[in-house]
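Let the sequences and hints guide you as you build the complete structure.
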Amino acid sequence: MSEGVNVSILGTRVVRTEDPALLTVGGTYVDDLRLPELTWAARATFVRSPVAHASIGDIDVSAALAAPGIIAVLTARDMDDLPPPPPDDGGGGSEGAPVPMGGPWSEPLLAIDRVRYVGEPVAIVLTEDSYQGVDAAEQVIVDYRPLPVVLGPGAADAETLLFPRASSNVAVTAGVPADELAFDGCDVVVRQTVQNQRLAPVPMEGRAVAARWADGKLTVWVSTQNAQISRFILAGALGLDPAEIRVITPDVGGGFGAKVGLDRDAIVVAWAARRTGRAVRWAETRSENLVGMTHGRAQQQDITIGGTRDGRVLAYRVDIVQDTGAYPRMSGFLPGLTSLMAVGPYDIPHVQTAFRVVVTNTTPISAYRGAGRPEATAAIERAMDLFAAGIGMDPAEVRRRNLIPPDAFPHTTPGGAVYDSGDYVVALDKVLAAAGYPGLRDEQARRRRSGDPVQLGIGLASYVEITAADAAAGETARLVVHADGTATAYTGSSAHGQGHHTAWAMLVQAELGIPMDQVTVVHGDTDVIPEGVGTYASRSLQLGGVAVHKAAISVREQARQVAADLIEASEADMELDTSTGTWQVRGDPATSRTWADVASHAGPEGLVAAVQYAEGQPTFPFGAHLAVVEVDTETGKVRHVRHVTADDAGTVLNPLLAEGQRHGGIAQGVAQALVEEFVYDAEGNPLTSTLTDYAAITAAELPSFELVNSQTPTDVNPLGAKGIGEAGTIGAVPAVQNAVIDALSPLGVRHIDMPATPARVWAAISEARESR
Amino acid sequence: MIPATFTYQRAGSVDEALDLITEHGDEAKFLAGGHSLVPLMKLRLAVPEVLVDIGRLGELRYIRDDGSHIAVGALTSHHELAQSSLLAAELPLLAHAAGRVGDPQVRHRGTIGGSLAHADPAADLPAVLLALDAVLVTRGPSGSRSIPAGEFFRGLFESVLEPDELLTEIRIPRPPQAGWSFQKFTKRAIDWAIVGIAVQGGQVALVNMGQQPLRAGAVEQALAAGAPLAEAATHAAEGTSPPTDLNGDPAYRAHLARVLTARALTEAAARGAQGSAR
Amino acid sequence: MKLTVTVNGRPVSAEIDDRTLLVHFIREVAGLTATNVGCDTSSCGACTVLLGGQSVKSCTLLAAQADGCEVMTAEGLAGPDGELHPVQQAFRAEHGLQCGFCTPGMVMAAVSLLAENPSPTEEEIRAGLEGNLCRCTGYHNIVRAILAASNQTVSREQAG
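Protein chains in written order, with numbering that gives the first Met the number 0: chain A, 0 to 771; chain B, 0 to 277; chain C, 0 to 159.
It is worth saying that the hints were derived from the structure and are not from the lab. Predicted model only: the values in this text are computed from it and were never measured. Just so you know, even glycine gets a beta-carbon here, dropped at the ideal spot from N, CA and C. Warning: the hint list may mix true and false statements.
[Unchecked claim] According to the in silico footprint, chain B covers these stretches of chain C (three or more CB under 8 Å from chain B): (1) 13 to 20; (2) 45 to 58; (3) 61 to 68; (4) 98 to 112; (5) 123 to 131.
So this is what it looks like as C-alpha cells:
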C-alpha cells in the first residue's frame, strides 16, 4: 500500500516503453545480432526429411563436402560426444507432465536410423554464408527407404508402429470408461464427433539460435520463452553442467507456446558450435517453420451431452484422441488440461472424460495459445448449442440456466479444478447487451422469412479457463534501487510481445514512486538471472508481476530502515510519498530525501531485494464471446462482421496491454474457426507448408472487436490478477463456429467442423438440402 | 528461400533485350516485375542461368488511346492500370481487376505483361484480357506477332510465347457493350481466386476453371440467343475442367462458376443499363 | 555485380552475388536490420520497404533491380532529431505493435497506403494490409493507428 495522496499508475493506459526502439531501429532478434562473438559465425542449414516415414540407409555427404563455402556436414553418426539417452523406463512416469516421453518414445537430435515426419532434421550443414548453405544442403544425398505412413486417430489401430519398441502407437491412455447410466434420466441426449483441427502457430519470427563455445563455456542466443529452462534442456542434452552454459534471449518475434524452451534443431546448432569450435547461427525459413516448429491442437472429440427438456444439463462426456505427431513431446499434458477444463463454466453433475494420445507421421504437437483449453471450450460450447437445438431453446438461455452462479465460488468441478472467482452470468449478459442480442435475432428472423441468400448467424461462447496451471513453479524477481536512484528489475518472466518491461516498471513506480522511465527491466540472460520459469500459460503478471511487486515492497521496507538511519529518525515515523518518490519524516518536509540519497546511504550497491514467489495458485479467468457472421448460402462464404467479448482476468494492470492480448487471441481464435488448418495428404506430405497455402488470417478477414470491460479480482495474489493472454483464443473459436452453424440451422445443418471454409460450408448446405 | 546461382543482365532497350535473350538461348528468362518469376526462383522451381532484366524499359510502360483500341505497354504495373483514369473510363473491367491482383506491394511491381507471360490459369488478368478480346503484340528475333488472347494461352503456365520472344503491347478493342463485372471468389482476400468470372457485355471468361483461362462459350451462346441471364449462367461450367485443391473440388467449382456468372451477368447488365462506365 | 542503392538517403555501394535479394542487401550490406524476413513466398510483408516511394516486398526483389534507386526502410522514417514519423507515433499511441517483428514492414505499408489514400475507410485499410501478416495484435490497433495517423477520428468502441 502506498502512503500519501496520489493516483496510482496501476490500471491506467500507459503506452509502452518498448516501442520507440521497435519502431525506429527495429527489435534485435537472433538473426539481427551483430556481436563481435558472432562475426565469424558459420551459417547452419538443415537437411530435412522429404518423406513422412522411412528408414535411413546411407547418407552421402561427399558432394556437399566439396560445395563452395563448406565448413562441415554433420549427422547423427558424428554425435559420439553426447551423453547416452536416459534409461529405458518404458516411457512411463511422465504421462501427465509437459515433457517429452523417453524410453522407447525417445526423440533423437538428428535422425538416426528412421525419420518419422516430413521436416525431421537429418543433417546439419555449416557454411560461411547462408546462400552457400542452401546450395550445399541440396548436395546431401540421403537414402530413404519408405515405410507405411500412419495418420489420424486410426493410428491407434494401425499395423505399422512408429516405435516398434513401444509395441503400440498409443503413447498415453487416461480417463474413465463410458458410463451410460449417467445419461439415463435425460430427456434428450445428443452425440457428435468434433474435430479440433491441427494448426501451425506461425509466429512472425521463426525459430532462430546462435551458439558459441569459448573458454569452456557455451553461450547460446535463442528465440525462446524461457532462457533458464532452455539452459536446463541444453545441459541435459549436451552433458554439461548448467554453469557451463549461458543462455541469452534477445527480442523474440512471437512464441504462442511453440517456443517454450528450445527444441532439437536448436540443440543441434549448439552442439555443432562445440563440435567444430566455430560459432554457429541459424534462422529457419518459413517453409521449415511450418513443418519443423511444433503444431497445435489436433484433437478428435466424441461429445455426448444430455439433459432435461427445460434446459438443465445433467451429463456430459468427451472422449478425446489426441494426435501428438511423430514424437510425444508433451505426453498427456494437453488432453489432460482439456479433461480438467471439460465442464467449462457450467454446473453439470456428471462429467466424464477419457483420452488417448497417438503418434502419427506428422509434425510433433505441442502447446499453442490455449494449450488444451481452447479444445475443452470448443467441445463444451458445441455441445451446449447442440443440446439447445435438441430441446428447441435459445442458446443464451440454455447457458444461463447452467452457468455456475456467482455465489458458488470457490467452486470445485467434477474434474477436480477449483475455480477461484467468477461471475459467468454477468459476463454473458454484458456481452448480449453490448451486442444488442434481441435486435440481432430480429434481423436474423427477418432474413430467414425473406429467404435472403445471405443469412445471419449469431454464435455464443461462455468460457472459463485455467492460467498459471504451474503456479507452484512460481517466478523470480530481483529489484535493485541503485545509488543514483534509478532501478533495475530482473525478472524470470520472458516477454515476447506482452509488454512486461512497461508493466513491471508500472509496478515499481506504483510501489516506490520511482518514475517508469528510470526503471529498467531485464529478462532472459541466465548469467544475470539464473533462476526463472518464463512466459507461457498466461502466468507472467500473476506470478512474475507479483514477484516484482513483492520485491518492491521488500525494497521499500529496507529503505524505510535506511532512510530512518540517514535522517536519524525512527522507522515508524518514516513515510514514502510515491507521487514524488521521496522519503521523509511524516509531517516534516524538510527531512525529504530522494531514492538516490537513501540507496547510496545503503551502500555502493544500493538496495536489493530478491523474491522467489511460489505462493501463487492457478487462477480461472472467464468470459463470454458473441460472434456475428453472414453466410452466403449460395457459395458457402462466411463473413465475420462483429465480435463482442467480455474477457475477465481479474484486476487489469494496463488496459492497453490487456486489450492487445485479447485482440490477438481473438484473431487466432477466429482463424481456427474460419480459415486455418494444417493439412497432410494420405502419404503424410504436408499440403500447407507455405504461407500461400496455410491460410494465416489477415486484417481483411476480421472486423474491429468490441471489448466489454469486466474485472472480477481473484484473492489468490495481491494484484488480484489472473492471466489474459490466451482467453481471447479460447472464447473466440466456438463463438464463431457456433455462429456459422446457427446461420444455417433452418436449412437442417447441425454441425460443421472447423475451419468453416467456403467449400466445407457449401458441402454442409448441400448435404442438408439433399437429405430433406 | 534463395535462388540458385544465375547471371544478371540489364537491357537498356527492347532491341538489347532481344539480343541478350538470343545470345543466352534456353538458359535465359526475361525479368519484368519479377513477382511471378522471383518467387519460383526462390523455391528453385525455376532455375534460369541468366536473367535479362527488362524492368526499366520505360518505352514499354504506357496506357494510350489509339482510337479503335486502348494500347497498354507490357511493363505497365497493376497499380498503374488500377489508377488509370483512361482505363476507368474506357476499360473499367481491366482497371478494377488489376486493383484486385495480389496486394498493394505486389501491384506496385507486377506487370500486365509478366502476368500474361506467366500464364497461370488462376491469375486474374489473363481471363480479363480473354473476355476483352485483347490482342497481344510480341517482338522476337524473327519479327513481330499479333496474337489474339484466345490463341495465346496453351496450358498450365504455358503460352505460345517463344523463349526469345518479348511481349510488348496489349491492344484492347473498345468494348461493344458497356456493362462489366468481375467476381473474384476467395477464401481470404489475399488468395488466388478459387473461381473468378470476368464479364464485358456478352463476353464471359473464367478464372481457375481449367489449365488456362477459358471463355464460357455456352454462356455466351445462350446470351446471344436471347436467354435470360439466370438461364445463360447455368451453362457456366460447360467445357471446363476445374482443378481439385485444398479450396475445392470440381463439383464445387462448377457450382461456384454458375452462381458467380449469374451475379456477374446481373451486375454487368445493371451497369450497362445505367450507361455508366463504373 | 557492382551496384549502388541509396538507402534512407545514404548511397550504399557493394560488389554482390547477382542473386542477392534486396532484403538481404538491406540487412547485411547496408547493415539495417529493422526490415525482417518472415516467409519465403512473398506472403507476409515483414520485408516491406519503400522503393521510389512505393511499398514493395524486398524479399521478392533482387538487389540488382534496386540499383541506382532510392529505398526507404523503417529506420529512415524518423526525423533528423529522432522525432517519430506520424505513423510511428500513431502505432505507439494506439498499441499497434507487440513483439515488433512485423512492425517495420507494417509501418512502411501503412506509410505507402496513406500516401496513396490519405483518408482511408476502415475497410480500405484492412484491404490495404492484406499483404502484411501480424500474429500478435489481431490487427485491431494497427487499423486504429492508421486511422489516427490519417487524422481521422478513432472512436472508442468499448461498450462496457
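Query raised in the report: Does the stretch 45 to 58 of chain C contain three or more residues whose Cβ lies closer than 8 Å to a Cβ of chain B?
Result: Since 7 is at least three, the answer is holds.
Query - Given coverage of the stretch 123 to 131 of chain C by chain B, checked by CB-CB distance under 8 Å (3 or more) - result: holds (count 5)
Report task. Between the stretch 13 to 20 of chain C and chain B, see if three or more residues pass the 8 Å beta-carbon test, and mark the coverage as holds or violated. Result -> n = 4 at 8 Å, threshold three: holds.
**Report entry** Claimed coverage, the stretch 61 to 68 of chain C by chain B - three or more beta carbons nearer than 8 Å
**Finding:** holds (count 4)
**Report entry** Coverage of the stretch 98 to 112 of chain C by chain B (three or more Cβ within 8 Å)
**Finding:** holds (count 3)
Comparing the model with each numbered hint stated earlier shows that all of them hold.
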